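Engineer: With the hints as a guide, dock the two chains, each given alone in a separate frame, to form the complex.
Residues per chain are reported as follows:
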Amino acid sequence: MTLKGSPASEGIGLGRAIVIRESDSEISNTQVTDINTELNRFLAAVERAKEEIKEIKETAQRNLGEKNAMIFDAHLLILEDPELLNMVKENISKGMNAESALDESAKFFETILSSLEDEYMRERANDIRDVTSRVIKILSHKEEIDLKSIPSCSIVVARELTPSQTAQMNKQNVRGFVTEKGGKTSHTAIIARTYEIPAVVGIGDITSLVRDGDFLIIDGNDGTVYVNPDESLIREYEKRLEEETRKKEELRKFLQIEARTQDSRRIKLVANIAHVDETDVALKNGAEGVGLFRTEFLFMDRTEPPSEEEQFEAYKTVLEKMGERPVIIRTLDIGGDKSIPYLNIPKEENPFLGCRAIRLCLAQQDLFKVQLRALLRASVYGNLKIMFPMISCIDEIIQTKEIMKEVKTELDKEGIKYSEDFEIGIMVETPSAAIISDMLAEEVDFFSIGSNDLIQYTLVIDRTNDKVSYLYNPLHPAVLRLIKLTVDNAHKKGIEVGVCGEIASDLNMVPILIGLGVDELSVSPSKVLNVKKKIFETNSEREKVTIQKLIGTI
Amino acid sequence: MLEAKIVLKNQTGLHARPASILVTEAGKFKSDIYILKDGREINAKSILGILSMGARKGDEITIRISGEDEEQALSRLTELLENFEE
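Top line first, the protein sequences correspond to chains F and L. All letters in the first sequence, in the order written, are residues 1 to 554 by my numbering. All letters in the second sequence, in the order written, are residues 1 to 86 by my numbering.
Don't read these hints as lab results, they were simulated from the structure. There's no promise every hint is true.
[Stated by the list, open to error] Some chain L residues judged to face chain F by a derived CB distance under 10 Å, without partners named:
| id | residue |
| --- | --- |
| 1 | Gln11 |
| 2 | Arg17 |
| 3 | Thr24 |
| 4 | Ile42 |
| 5 | Ser46 |
| 6 | Gly54 |
None of the values given here were measured: they were computed from a predicted structure. We put the CB at the ideal spot given by N, CA and C, even for glycine.
With the rest of the complex left out, here is chain L (with noise of 0.2 Å):
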């Protein structure tokens, strides 16, 4: 199982496109995958879920994957997360 702490930098957080995109990167994915908010676990791989956990600038996140991909995954949505294009 890996972990990783992000800080949303960008302007609209968690919310619409970002959430859609955060999702289908994390769909390509096998492992389980997880952000963890405010002692809350929520499904990456669930678009309500994201979007009802309502993150939003400045809001710190932790990601949490376990799974046969898990490295790459952890990579590529760590990379995703703090490199959001508004």
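Chain F extracted, bound-state conformation (with noise of 0.2 Å):
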């Protein structure tokens, strides 16, 4: 059988299948007489779960970090409930025994919060599902999979994965993920790509289609999971495997050096992220900084903004982790493909060419502002250096400064501190910017080229639309022509240059642009070691006169 689903992480795995079902269905619902000893089971039940919740959320917070753990406290928060006691102790009060009881209280919580139509509800009605779970387990001696000792070269199959159950698994053991709800950005992906497992989601009834001990193929890189294959393809997914391997160990002889290309300059490679978590996959991969976390992932999936504080923690985290290394914060980038429904951007006609990224912020300041401020007061805990996106007048960079200045004002009236020396940039992304790059150069401490903004507005092509997408061409003469009149106005002003779009991850592209003189390759975390490897085999001089080949003389 082979099944198609999302890749959510990249990779391929083999082994066989634990499948994690929800056991709601198998509660027993027997009268009770001795109502005492009922409410006694049900109290140590509760204790027990409660133990065991300390001990997970010990283990995250050393694995994950102190944010991560937070949830638990929610979980134990939601065993001390008091109204969820009482209706438990009513209902059992009524005969019922401690494990429906406990189930029938859930759901009426449960139904209430999800029917609230809010993101954060309904993450609380998932809360109550993963704590009462764990109390009805406990109660009816059902044996878990002990997810501890999971067997070795395991390909854990279920609906979606709890924090509480990826926290206290062994992950040396698990060869890949394949979940039935979730995209990219859900709970499983993200785990996965931080521990670098195979993942596929979003295949609708993979835990009722697959059997526990079932022999699964999962390849990450194109979505396919493979149920029971014959030998021969399990063969050839091996030898593809062994080779993935020999790839990775190859790479990692580049993991502890700088990248330089064959005639000795210097290039810096940092990792783009969309989640803090991520933060540690460009840390193991070598990354040595962050050259682009994309922050409008804190405000997608919601139903309200995220808070100044909420912000905070997210932009303190991944400036703690990074330590010394620069870390590069691009403030929304919100319009165009990507919508915000609570934001309540009025539909318009051409959303590429509207109001977006920095024309957003600057007519919503209040949103904006509340980001600066986070961003400000997390700024004393690290190397940061906040960029603007979709820069195309002076005037933008100037209000922007403005602005900044204003947030300065109010946080020195509250005696807050921030650090007083972190650089500010903008992204290079519309033809304009860059065609007016020496006097953007004036204004800002550095540069980065967005390579798909900067392509689709230069080539007039949208990449998405079947029947133009084959003039989306990053070697078109203008659009290099356009970067190396970016980088030579930079340098001439003293400042750095970086690319931070897909053609940073192309190999193929790599040479160019260190031919074209850009200083800085942001990169995917998982990238960050193919790419050092070209930049080695590049030599900037040679490629500087295939560029003059391709773009002419300017």
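Structural biologist: Here it is, written out as structure tokens:
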């Protein structure tokens, strides 16, 4: 059987399935007569569950940090909730057994919370399910699959994994994850990428299609899962896995050394991240810093913007994890193809030419100021650089700096400290910014070229439109000339230029970018070592000659 | 027994962080503390109760406290409810 889902974490995994089923249908509902004994049985199970959760919390704190362990405090709060406990006690007094008394009370709150159409509330409903199923398992002595000691070479199959499951799982024995729910930013997907375990998500019925012990091959590169495949396919994938492992091993020799071209030009190699946890992947792969932290993901899949505090925590965590390494955090880049319902952005005829990114922030300054406050407060915890997206004229950067000044004055008044000397920079991703890059370079400390947008705006190509996507060409002389112009202008003013678009991770484009004089490449965390190897194979002087041929003389 | 009416002014109402702060603070007092809204009476020491109440910005709620430390509890909790930081 061959199943198709979405690839969520790259790599190939082969192993035996461990299916994690939810057991709510198997609750016994026998009547009880000795009500006191049943009450005590319930309270003892709650205590036991609390101890388990505390233990998991400690493991999570050690492995994932304080922020990620906070969810278990919410779990403990639920187990101490008087309304919930009273409802269970009342149910037991009516003669229900502890399992069904708890199940019914939990469902009552779950139903209310999940009907509130609020992402936060739905998450709390999941917490209730997570906590009560733990207590019910204790009550019914159900042999839970002991996630701490799952056998080696397992592929974990589940509807969606909960944080308490992934926290206690012995991930060294996990060869892959397959889940029914979730997208690229689901909990399972992020954990999988953090630990570099292949994962495929979004396969509807996988927990009913697969049984414990079935042999699975999962291909996290294209999202395919093979259930009990034949010998020849297993051998083929074993070979591919061996090849992948060998290549990875080979790349490890580049881990500790700084990236240099064949002719000894130093290129800074940093990583793009979209989620706090991806910082670990970046570090593990030897990134020298974060070249782009896309903060819009903090704002997505919810019904209200993240608070200053929540943003501050996220920025602080990334900065602390990276230590002295530079971290470029990009302010909210929303609009265009990325929409956020609660921001009430009116529908636009031409969203890519409309009120997006910095334009939106300048129009909704309250939103922008909260982010700037959070960034400034976090600035004392590491080497922060702030970057503004979609700048197309000088006035935008001047206005932005004005707002930044206002925020600083506010913080001064409140006596809140921030770093005095963090750098600010802009994305160069509009042709106008590239053309006036000499003027912009007077105003900022660095540039980062956003190649995806720069290419689409320069060539007037919507790359998601199948009819014209063939025209999307990073090697078009117009694109290369704009990049070269930007780099030359920046260097004249003594500032550095990075590239953080997809072309920076494209091994065919790396030599071209080096030839154009780019100082820094910011790539997806899992591509850092591949790109580093390519840099070592590149001769920057020779590339310059190639580029002359590609773009003519300007 | 003491009572006070409060109109919620903060953007998120009694959701998320404000809800858990309220429950934690309420838990520090010995008195019985209830929030009344739309004829429902909710135990302010219950996170699930407060969350499922779904109180939003602009909603009027009544806080009812009875017990030995009711005065301190009332002043602390009204102050908290009126000055939630986002």
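Engineer: Confirm or reject each hint.
Structural biologist: A quick look at each hint next to the structure:
1. Interface restraint check for glutamine 11(L): the shortest CB-CB distance to chain F comes to about 7 Å, inside 10 Å, so the restraint holds.
2. For arginine 17(L), the interface hint holds, the least distance from its beta-carbon to any beta-carbon of chain F being 7 Å, beneath 10 Å.
3. With 10 Å as the threshold, the beta carbon of threonine 24(L) comes within range of chain F, its nearest partner Cβ sitting at about 8 Å, so the hint holds.
4. For the restraint placing isoleucine 42(L) at the interface with chain F, the shortest Cβ-Cβ distance is roughly 8 Å, inside the 10 Å limit, so the hint holds.
5. A least Cβ separation of about 4 Å between serine 46(L) and chain F falls short of the 10 Å threshold, and the interface hint therefore holds.
6. For glycine 54(L), the interface hint holds, since its Cβ comes within 10 Å of a Cβ in chain F; the closest pair sits about 5 Å apart.
Going through the hint list in order, the structure satisfies each hint without exception.
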